[in-house]
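Protein chains in written order, with this note's numbering: chain A, 1 to 169; chain B, 1001 to 1228.
Among the clues, some could well be false.
Stated by the list, open to error - Label pairs and their in silico Cβ distance ranges: (1) K1024(B) <-> E138(A): 27 to 35 Å; (2) L76(A) <-> T1212(B): 19 to 27 Å; (3) K90(A) <-> S1173(B): 48 to 56 Å.
Rather than coming from a laboratory, the hints here were simulated on the basis of the structure.
No residue lacks a Cβ here, since even glycine has one placed at the ideal position from N, Cα and C.
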Amino acid sequence: MRRNFLLLPLIFSLAGGCATQPLPTSHLPPLKNTFPADGFVTQRALFTAHGRQFALNGYLAVSATGGWRFIVTETLGSVMADVLVKPDGKIVVMQSSRLFPEKYIRRLMVRDLQCIFGKTNDADCPVKKLDANHFLIERRGYSLDVRILEIKPGAQPAELFDETYMKTK
Amino acid sequence: MKKFYLIAFALFRLTVFAADDSLKPATNPQALLQDLQQKMASVSSVYLELTQERHLKLFSEPLKSEGVMLIESPDRIRWETTAPYQAILLGDKKSVAQFEFSDGKWEKLKMGFPQLLQRVMQQMSLMNQGKLEALTNDYAISVATGDSTVMTLTPKGKSVREMLASLEVKMASDFSATREVTMNEPNGDFTRIRFHDEKRNVKFPAGTFDQTKPLAIAAVQAVVKNAP
Chain A
1 MRRNFLLLPL IFSLAGGCAT QPLPTSHLPP LKNTFPADGF VTQRALFTAH GRQFALNGYL
61 AVSATGGWRF IVTETLGSVM ADVLVKPDGK IVVMQSSRLF PEKYIRRLMV RDLQCIFGKT
121 NDADCPVKKL DANHFLIERR GYSLDVRILE IKPGAQPAEL FDETYMKTK
Chain B
1001 MKKFYLIAFA LFRLTVFAAD DSLKPATNPQ ALLQDLQQKM ASVSSVYLEL TQERHLKLFS
1061 EPLKSEGVML IESPDRIRWE TTAPYQAILL GDKKSVAQFE FSDGKWEKLK MGFPQLLQRV
1121 MQQMSLMNQG KLEALTNDYA ISVATGDSTV MTLTPKGKSV REMLASLEVK MASDFSATRE
1181 VTMNEPNGDF TRIRFHDEKR NVKFPAGTFD QTKPLAIAAV QAVVKNAP
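I would like the entire structure built from these sequences, with the hints used as guidance.
Structure below.
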């Protein structure tokens, strides 16, 4: 198991050496037209790294004024990552894990999130849209297969976008 | 009108307290646990349908999923999520396997944390067979009885306590059915699994616990639901 926990730093170092750079954080890109400006999106994802696969659940709350809040849990429900992206692009990692260290969340997870949900420069986003609700991101070191399960439009609680309010843990 | 509200409030309080009061700490939990284990010893298999609600304080609504759990003595377990996505976990004392349904087919995963998952699934299997005494190395166990029987397992290890404050298993008072399991986290978040349509001592069809190509749940259910 320990070996698996060591995979992510390796992926991080590999991806860090790629030509693609982290997305600029001067602003949060607007959402693609297929997603509501305010809403809650549930996803199921398969994260593959070094031949190992991790089934994950993703929960994305979006607010036109508050930003994005993204929480990732593993099969048994434990929170693996919790990140808040403010409208000005500021990234606040609320919770990290041994599987997803803070550096990974900050530089890769947020980027992938923006690639799927935001209007971003396609050159930085190797996303294949397999169908309307199915996306595949393939980067050096890992791949991410994401299926959108449910999109619930509607305003989200303001606390979700307040980094001082509470953490998931 | 004010009097009406006062009476209504008093009745509400009485109802709430009556519900709370129905459970009292067992004076001899050891005897109850032995009784449970004895009763469950005659149960060779269990089929349960379940609804799971994960309550995160951050979200206004719980995260819901549905599925089934199948256990066959001595150590085989199948946990299948049927909605909002489809996934299967299979385990026995030797190994675990995980499958995801995508693009119209099942894919067996090359799992990242098989040992952790295997341990959790073994513990789930032991709990559902009433073998709680086997868990006393890892958990302190207390029992409360009343309209139902609630066993509370509190982790002894610090690392587990950081993720799990306690685990409550609620059963019918005569142990004839498992009603719900609640996993409480240290920060107040919790996951509640409610069980229904429990069937005991059913003969599962071949392939139900196959870790290479598990039988489709619809085929398993067709057998289970037609069993006498």
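Checked hints:
| no. | hint | verdict |
| --- | --- | --- |
| 1 | K1024(B) <-> E138(A): 27 to 35 Å | violated (58 Å) |
| 2 | L76(A) <-> T1212(B): 19 to 27 Å | holds (23 Å) |
| 3 | K90(A) <-> S1173(B): 48 to 56 Å | holds (54 Å) |
Consistency note: the structure conflicts with earlier hint 1 alone.
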